[in-house]
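A.B. asks: With the working numbering applied, the sequence shown corresponds to residues 5 to 494, in that order.
Please keep in mind that the hints were generated in silico from the structure rather than gathered at the bench. Errors might be hidden in some of the hints.
To be verified - Straight-line alpha carbon distances no greater than 20 Å define the calculated DMTMM-like cross-link-like pairs of lysine to aspartate or glutamate that follow: (1) Lys65 - Asp83; (2) Lys382 - Glu414; (3) Lys65 - Glu172; (4) Lys382 - Glu334; (5) Lys240 - Glu316; (6) Lys65 - Asp165; (7) Lys162 - Asp83.
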Amino acid sequence: MPRSNTSLILASGFGAILILMLVLSFVGLSHFSGLHSDLDAEVRSARKIRMVYVMREAIRKRSFSMMRVRTLEGFFDRDQERANFRAHAGDFIVAREGYMAQGVSPEEEAILDRLAMYIRASQSEVGYAMDLAVEGDDHAATGAATVKAIRSQGETLKALDDLVAFQELVAARRSQAVHADQQQARAILLAASAGILVFSLAIALFAYRRETQQTASLVQEIAERKRAEAELQEAKARADEANRAKSEFLANMSHELRTPLNAVLGFSEMLKSEQFGPLGHEKYRDHAASIHHAGSHLLQVIGDILDISRIEAGEAVVDDSSVDLGAAVESCLALVGQRARAAGVALRFENAGIASFVRADERYFKQIVLNLLSNAVKFTKTGGRVGVSTRLDGDGAWRVIVRDTGIGIEARDIPRVMEPFRQVAGSHVRSHDGTGLGLPICRSLMDLHGGSLSIESKPGQGTTVAVRFPPERTIAADPYLLSDIRERQG
Numbered sequence: 005m006p007r008s009n010t011s012l013i014l015a016s017g018f019g020a021i022l023i024l025m026l027v028l029s030f031v032g033l034s035h036f037s038g039l040h041s042d043l044d045a046e047v048r049s050a051r052k053i054r055m056v057y058v059m060r061e062a063i064r065k066r067s068f069s070m071m072r073v074r075t076l077e078g079f080f081d082r083d084q085e086r087a088n089f090r091a092h093a094g095d096f097i098v099a100r101e102g103y104m105a106q107g108v109s110p111e112e113e114a115i116l117d118r119l120a121m122y123i124r125a126s127q128s129e130v131g132y133a134m135d136l137a138v139e140g141d142d143h144a145a146t147g148a149a150t151v152k153a154i155r156s157q158g159e160t161l162k163a164l165d166d167l168v169a170f171q172e173l174v175a176a177r178r179s180q181a182v183h184a185d186q187q188q189a190r191a192i193l194l195a196a197s198a199g200i201l202v203f204s205l206a207i208a209l210f211a212y213r214r215e216t217q218q219t220a221s222l223v224q225e226i227a228e229r230k231r232a233e234a235e236l237q238e239a240k241a242r243a244d245e246a247n248r249a250k251s252e253f254l255a256n257m258s259h260e261l262r263t264p265l266n267a268v269l270g271f272s273e274m275l276k277s278e279q280f281g282p283l284g285h286e287k288y289r290d291h292a293a294s295i296h297h298a299g300s301h302l303l304q305v306i307g308d309i310l311d312i313s314r315i316e317a318g319e320a321v322v323d324d325s326s327v328d329l330g331a332a333v334e335s336c337l338a339l340v341g342q343r344a345r346a347a348g349v350a351l352r353f354e355n356a357g358i359a360s361f362v363r364a365d366e367r368y369f370k371q372i373v374l375n376l377l378s379n380a381v382k383f384t385k386t387g388g389r390v391g392v393s394t395r396l397d398g399d400g401a402w403r404v405i406v407r408d409t410g411i412g413i414e415a416r417d418i419p420r421v422m423e424p425f426r427q428v429a430g431s432h433v434r435s436h437d438g439t440g441l442g443l444p445i446c447r448s449l450m451d452l453h454g455g456s457l458s459i460e461s462k463p464g465q466g467t468t469v470a471v472r473f474p475p476e477r478t479i480a481a482d483p484y485l486l487s488d489i490r491e492r493q494g
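Could you put together the complete structure from these sequences and hints?
C.D. replies: So, in structure tokens, the structure goes:
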């Protein structure tokens with residue numbers, strides 16, 4: 005419960021008690037009189053009501069502790085809150101003993117027995133919920149146990165309400181009894197009213213001072229949290245700086261590796277093509293082709309590492325130009341066509357039927373499409389199909405969709421393949437080369453364009469990957485043609 009509400013409730017409660025006592029005193033002075041024993045009983049009733057409110061406050065604080073402990077991060081903070089939770093139980097016990105010390109009637113004893121029964125019934129649930137919250141392992145179980153414990157404490161609060169109602173009933177009966185002794189009790193009631201007023205003012209002053217202390221504690225807690233937040237921001241800045249240093253190191257290493265690797269590729273290409281004459285044995289040419297293939301794969305890996313490092317370091321910049329989606333996709337299909345034919349995979353392109361131009365970085369766009377096509381061909385078995393299509397959404401955004409009939413991905417593994425250097429576990433995936441950087445690079449490049457990348461896949465049925473450029477990147481075309489293509493796309 006917010007502290008402002010707590011202050012309002014405390015002030016209202018103490019004000020109500022003060023008004024009630026003043027009204028009783030005024031009515032007694034005006035209309036009733038009573039014996040000394042009646043006045044003593046009135047004082048005991050007031051004390052009992054105060055004890056009931058103390059018990060209610062203890063239960064409320066325990067409920068507040070049960071809710072607050074779930075918001076604390078550190079175990080020791082939660083353990084300290086559990087100690088406070090137990091201390092409130094001590095306040096409840098002291099108030100209950102103080103109530104009983106005033107003397108109880110059989111009716112009150114029955115209510116107190118019912119109160120004790122409710123406390124025993126809810127004690128294990130309340131303690132269990134607090135222990136779960138302190139351990140902080142199972143949030144769902146903690147929430148359910150907390151709700152159940154708070155509900156069980158509702159019965160305890162109802163019993164306390166019955167005690168208050170009983171005291172009010174006793175006070176009403178006593179007022180009727182005192183009516184006959186009005187003249188004799190006038191002076192006594194006057195003195196009692198003064199005492200009640202002083203007592204109520206003392207309670208109000210005590211509550212005010214306590215609330216002031218709590219406010220000061222809250223201000224201090226806020227200051228400490230701000231200090232902790234500043235420390236976290238500083239730690240984040242250090243982590244970002246370390247990440248930039250790592251990316252710069254990877255970029256430098258990639259550049260250093262590319263130079264000798266290009267030499268390996270060049271000489272292996274010369275050997276494979278027998279540029280300076282026959283090698284003398286057919287296997288030499290096969291080995292040269294293997295060297296060239298492995299070197300090409302390594303060069304691609306280095307390029308991917310360089311790209312992801314540049315993106316993480318914030319050095320990747322989008323060089324916008326007018327990109328013809330259809331022409332760009334066709335050029336990418338031409339690049340992967342030989343690989344697809346060698347794998348026995350059919351390629352198909354479904355153009356939207358109109359000029360599809362977007363404002364984007366053409367080099368990055370082709371890199372995205374090539375990565376998606378390469379993945380699709382790599383994970384599609386012989387006889388399978390890979391299709392590419394362009395679609396215009398209703399809001400004017402262009403999408404490029406790559407579908408395959410490959411091995412597919414489990415839904416739970418889709419977030420994993422979007423993480424750098426992560427691949428789906430399984431022999432059918434491990435049998436294919438790859439660093440796990442293709443999809444993360446594609447998503448990062450789409451993020452640079454303000455777009456998005458989505459994946460839908462089912463094992464054994466294939467995968468669909470769609471990249472979507474935001475509407476503001478669409479270069480306006482004939483509105484009649486746009487309307488026509490939307491109708492044909494459904």
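A.B. asks: Confirm or reject each hint.
C.D. replies: Structure-based check of each hint:
1. Taking the CA atoms of Lys65 and Asp83, the gap is near 16 Å; set against the 20 Å cutoff, the hint holds.
2. Of the supplied pair hints, the one linking Lys382 and Glu414 holds, its CA atoms being roughly 17 Å apart against a limit of 20 Å.
3. Simply put, Lys65 and Glu172 have alpha-carbon atoms about 25 Å apart, too far for the 20 Å limit, and the pair is violated.
4. Distance check on the hinted pair: Lys382 and Glu334 sit about 19 Å apart at the alpha-carbon level, within 20 Å; holds.
5. Under the criterion of a C-alpha separation no larger than 20 Å, the hint pairing Lys240 with Glu316 is consistent with the structure, at around 15 Å.
6. With a C-alpha separation of about 17 Å, the suggested pairing of Lys65 with Asp165 holds against the 20 Å cut-off.
7. For a cut-off of 20 Å, the pair hint linking Lys162 to Asp83 is broken: about 29 Å separates their Cα positions.
When held up to the earlier numbered hints, the structure conflicts with 3 and 7 and fits the remainder.
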